[in-house]
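If you follow the hints, you should be able to join the two separate chains into one complex; please do so.
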Amino acid sequence: MKTVLRLVVLLAACFAGQVAYAQQRPSNTETVEIGLSTDTIAITSGFRGTDLTVFGALDNADPLIQRQGRYDIVVVLEGPERNFVVRRKDRYLGIWVNAESVSFQHIPASYSLASTRNLQDIATPKVFAQLGLGVNNMFYEPMPDGFGSSQTLKEFTPELPRLKLKQKLYSQRPGDVQFLSATLFRATLSLPANVPVGKHVARAFLFRNGEFLRENATSLNIVKAGLEFRIYRAANQYSLLYGIFAVFLAVITGWAGRLVFRKD
Amino acid sequence: MGFGSDLGIYLPIAEISVNIFVLFGMGAAVGFLSGMFGVGGGFLITPLLIFYNIPPAVAVATGANQVIASSFSGALTHFKRGTLDVKLGSLLVIGGIFGAAIGIYVFVLLRELGQLDLIVSLLYVVFLSTIGGLMLYESVKAMRRTKAGQLATLKKPGQHNWVHRLPFKMRFRASKIYVSIIPILVLGAAIGFLSSIMGVGGGFIMVPAMIYLLKMPTNVVIGTSLYQIVFVTAFTTVMQATTNQSVDIVLAFLLMSGGVIGAQYGARIGQKLRGEQLRALLALLVLAVGLRLAIELFVTPDDLYSISLAVVTGGA
Numbered sequence: 007m008k009t010v011l012r013l014v015v016l017l018a019a020c021f022a023g024q025v026a027y028a029q030q031r032p033s034n035t036e037t038v039e040i041g042l043s044t045d046t047i048a049i050t051s052g053f054r055g056t057d058l059t060v061f062g063a064l065d066n067a068d069p070l071i072q073r074q075g076r077y078d079i080v081v082v083l084e085g086p087e088r089n090f091v092v093r094r095k096d097r098y099l100g101i102w103v104n105a106e107s108v109s110f111q112h113i114p115a116s117y118s119l120a121s122t123r124n125l126q127d128i129a130t131p132k133v134f135a136q137l138g139l140g141v142n143n144m145f146y147e148p149m150p151d152g153f154g155s156s157q158t159l160k161e162f163t164p165e166l167p168r169l170k171l172k173q174k175l176y177s178q179r180p181g182d183v184q185f186l187s188a189t190l191f192r193a194t195l196s197l198p199a200n201v202p203v204g205k206h207v208a209r210a211f212l213f214r215n216g217e218f219l220r221e222n223a224t225s226l227n228i229v230k231a232g233l234e235f236r237i238y239r240a241a242n243q244y245s246l247l248y249g250i251f252a253v254f255l256a257v258i259t260g261w262a263g264r265l266v267f268r269k270d
Numbered sequence: 374m375g376f377g378s379d380l381g382i383y384l385p386i387a388e389i390s391v392n393i394f395v396l397f398g399m400g401a402a403v404g405f406l407s408g409m410f411g412v413g414g415g416f417l418i419t420p421l422l423i424f425y426n427i428p429p430a431v432a433v434a435t436g437a438n439q440v441i442a443s444s445f446s447g448a449l450t451h452f453k454r455g456t457l458d459v460k461l462g463s464l465l466v467i468g469g470i471f472g473a474a475i476g477i478y479v480f481v482l483l484r485e486l487g488q489l490d491l492i493v494s495l496l497y498v499v500f501l502s503t504i505g506g507l508m509l510y511e512s513v514k515a516m517r518r519t520k521a522g523q524l525a526t527l528k529k530p531g532q533h534n535w536v537h538r539l540p541f542k543m544r545f546r547a548s549k550i551y552v553s554i555i556p557i558l559v560l561g562a563a564i565g566f567l568s569s570i571m572g573v574g575g576g577f578i579m580v581p582a583m584i585y586l587l588k589m590p591t592n593v594v595i596g597t598s599l600y601q602i603v604f605v606t607a608f609t610t611v612m613q614a615t616t617n618q619s620v621d622i623v624l625a626f627l628l629m630s631g632g633v634i635g636a637q638y639g640a641r642i643g644q645k646l647r648g649e650q651l652r653a654l655l656a657l658l659v660l661a662v663g664l665r666l667a668i669e670l671f672v673t674p675d676d677l678y679s680i681s682l683a684v685v686t687g688g689a
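Protein sequence lines correspond, in order, to chains A and B.
Per my numbering, numbering through the first sequence is continuous, rising by one, with the last residue being 270.
Per my numbering, numbering through the second sequence is continuous, rising by one, with the last residue being 689.
Just chain B, with the same shape it has in the complex (with noise of 0.2 Å):
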């Protein structure tokens, strides 16, 4: 009955009390941020939610929830502004459910071996410091530009690469490419798997990908993958739900419902910012937050053993 009971919430799946204004207030941070930035924001809610305690698994799963609703509202805005490719977007869903179905295998097996947690924490440290890294040092690279006076253009690779040799070559009007469908379903599918496992939509892959690899305009770019993103995530949070039971609804509608408020005004503040700042900063952020959950993997827990129901009904 002590302090927080009044505030305190419990989440059915997740089987653990909570305040309802810490889980409202990350979900708003992490919308604000992502307003700002232009990101999705489950590459944060996650690793945010393992550090409230929250199992792994449901904050994965839960995750991946929430970020259809960022990502919905910002595909529809580019389906009618027409700055979406649905041609190549539905290739994308097509590999990203391939990826997602072999992701969500691999989630059970790993549960099973009692290695989803650790995992999940690789992955995040790996991803998180890679894109954090090189953030810091594309933004650290422009503000030095700037700085000496030159215009900060993103530089353009040659024309051509090894994608464009591929073969089953398509065409793709909105996006006024000619390119082979295997890189589009490859990514599409890497994404799907990334999405089911670390619960995130993506985003933070696929735009460079696109730009890089696939030579996409960038004008298309955000909205066909926020149109993958939409697709592969909601097949993602079905396949979690029905196999893992472990999509918390209540936390997922706190969070979503945080963010989507948080995003209007982020993305206010965000038109206000320079580019390289923000970057700069999200680089920064980023890479906190895989520094977290590194040292955790490092730092010799309380109680090396630990108990768990056992999964299945396997051993028999």
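Same shape as in the complex, but just chain A (with noise of 0.2 Å):
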């Protein structure tokens, strides 16, 4: 097995003593936390997805509101932005090719959700829509100039996280997120072989009964380890080089081969 990736939290002793001052606190101080017990994670060339666990703490919680499961919490792991073009093939002469397209700015390369439950029963899709939380929700900002009608954005729109879910580099996991106690939660996002390296953002939603109170955000660094990312850093950083060094590999290559069979 490769990478085993578990993101421990702290938290725990310092919030047991709280739960006491529950009643006569004023309405609105719950807060929520999550940590990663490390900034980095480094990807191995062998990496083929994994389940990322962040832990995380739900503080001031009130106990009557919690003993009836009002409380709902969304963790949301976003990577770094990156452009992106959506295309769509037509039939000419009966060949399929690539016609018409749209272009995408500032869109997550990656974005893995989990929720205690699904979107719909934690609150109503206009306080979705105006966090702009889940697949269905974010908005995909076109560039200005990345389209055609008003009429094609609408029809490509909803194709970018329909094909982001299905390289999996989108998902959405509801019921992940489960409480262990009553301020502790582990959420479990998804980390597909594919993820984007870079800064990717860790981002917890509170919401009591169905109204949304405060988010809490940490980032986490993703990069690739190991001989092939140090090949695939070569290529783009040192590009001439590399190229003058796959030539002479090829002619060694070609060279060493004749010497071996040369003996008949």
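It cannot be assumed that every hint is accurate.
[Said to hold, decoys possible] Okay, the calculated bits of chain B under chain A, using three or more residues with CB under 8 Å as the criterion: (1) 606-615; (2) 628-634.
[To be verified] A short list of chain A residues far from chain B (calculated; beta carbon distances all over 10 Å): (3) ASN34; (4) ALA48; (5) GLY138; (6) PHE145; (7) LEU169; (8) SER177; (9) PRO198; (10) SER245; (11) ALA252.
[Said to hold, decoys possible] To give a feel for the contact side, a few chain A residues facing chain B, derived at Cβ under 8 Å: (12) GLY52; (13) GLY55; (14) ILE101; (15) VAL103; (16) SER107; (17) LEU246; (18) GLY249; (19) LEU255; (20) GLY263; (21) ARG264.
Hints were generated in silico from the structure; no laboratory data involved.
The C-beta atom is built at its ideal place from N, Cα and C for all residues, glycine as well.
Listed below in structure tokens is the structure:
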């Protein structure tokens, strides 16, 4: 087995005494915290995707609401922003050709969401739309001159999350935020095999009775390690040298093959 | 962690995990064929890589890199034997570098437009079916003739053609010809262009063109074409690496090492088999690869929509 990623968190003891105050405190002081035991994850070349466990704490919770299960938490891990083109194939003379396209900007390259329940059971669609939370509620910003008409934009926009879900770069896992105790919760997110490297942001959203209270964020760097990644970096940073080396390697391989087999 | 994880290797540029033995075997099989038939094999490697889900941009750039290995030792042998026209070859290289530079520019443009995959496939379908068809026709005819008891000879076309009326003539001692440099430069450029867009050496076009257009004697044709291929594919590799970062050195090395070994055995088998039958076999193989690529162009894709990173910082 390869990289087991377990990001264990702080907390625990410091929250233990605070439940006692719960009754007389003003109604809106609950806080949510998530923490990661590391700020960098190194993925090796054999990485085939894994689950990322994030621990967090719900603080100053009202025990009554808590007993009724009216607190909900949504945790997302957003990958670095990139620009994407969505293309549609059309048939010309029997051949399928990429025809229309729409370009989008500032789109998270990956997006993994875990929640206590289905999103529609947590709050109204309007709340999620305002937060831009969830694969179908995010705002997919087109490039200013990246699309033909508003009609094409309307057609192409839902395709972006659909394709991302298909590539497993976007995922939604309702039920994968679980309370371990009154204050401690655990969120299980997906890190797909093709997870982009770069700065990822983990955010936790706290809801009470269908109302959004607050969020908390922390960042995580995903880097690739190992020989393959060093090759990748060399190809990008020292591309001329890399190209010359590729030629050199080919010449040596061809020449060595001749030496080895020349005996007869 | 399923099957194949132990044999898997991650290709850093193609960005997918592949099975080491499949790629090594692919290199060896193509190397075997190229040793047997005396062809470079680039025109088989690139489509096979595309069938194996390597992104076409990477398949093309890596194909060019792989061709260097199979051509270099051959060119060296011909150089030592003196069956290589350095002067004519160098003119081909000059033309080839121009052609390859234009090719890389077109390659980048097509990639930005999202049409690279289509154009690469179309070019392959056109070239593979034309070359395969011609080879099949020619070899079947030769087989009929040998059956009828005649000696199979390459027909010699007329001594002079329009090529020999062009200006800027130059004398090439090794080839024993006196010919204009224009067709040489143009031929070199055309091959260079194909090399950068298709990831091939281009021997399968250059050899007939040298024989029929330039009237070069057959003994220097192979060596001179290999000489041009080594330089032009080397130039293409460096250009692809700097402009598109699409040369996958791990992939290239697996293919090369398989190819070098396969070629040695292929050459031995090739000497024992009859020429026409061999060519008919290769023709069928070439046609099959072309057909497979053609089918993919016509079959309705599973998903009409696709997503890719926007190339360059355009659009702002």
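Okay, the hints, checked on the actual structure:
no., hint, in the structure
1, 606-615, "holds (count 7)"
2, 628-634, "holds (count 4)"
3, ASN34, "41 Å, holds"
4, ALA48, "14 Å, holds"
5, GLY138, "20 Å, holds"
6, PHE145, "17 Å, holds"
7, LEU169, "4 Å, violated"
8, SER177, "16 Å, holds"
9, PRO198, "13 Å, holds"
10, SER245, "5 Å, violated"
11, ALA252, "5 Å, violated"
12, GLY52, "7 Å, holds"
13, GLY55, "10 Å, violated"
14, ILE101, "5 Å, holds"
15, VAL103, "6 Å, holds"
16, SER107, "6 Å, holds"
17, LEU246, "5 Å, holds"
18, GLY249, "3 Å, holds"
19, LEU255, "6 Å, holds"
20, GLY263, "3 Å, holds"
21, ARG264, "4 Å, holds"
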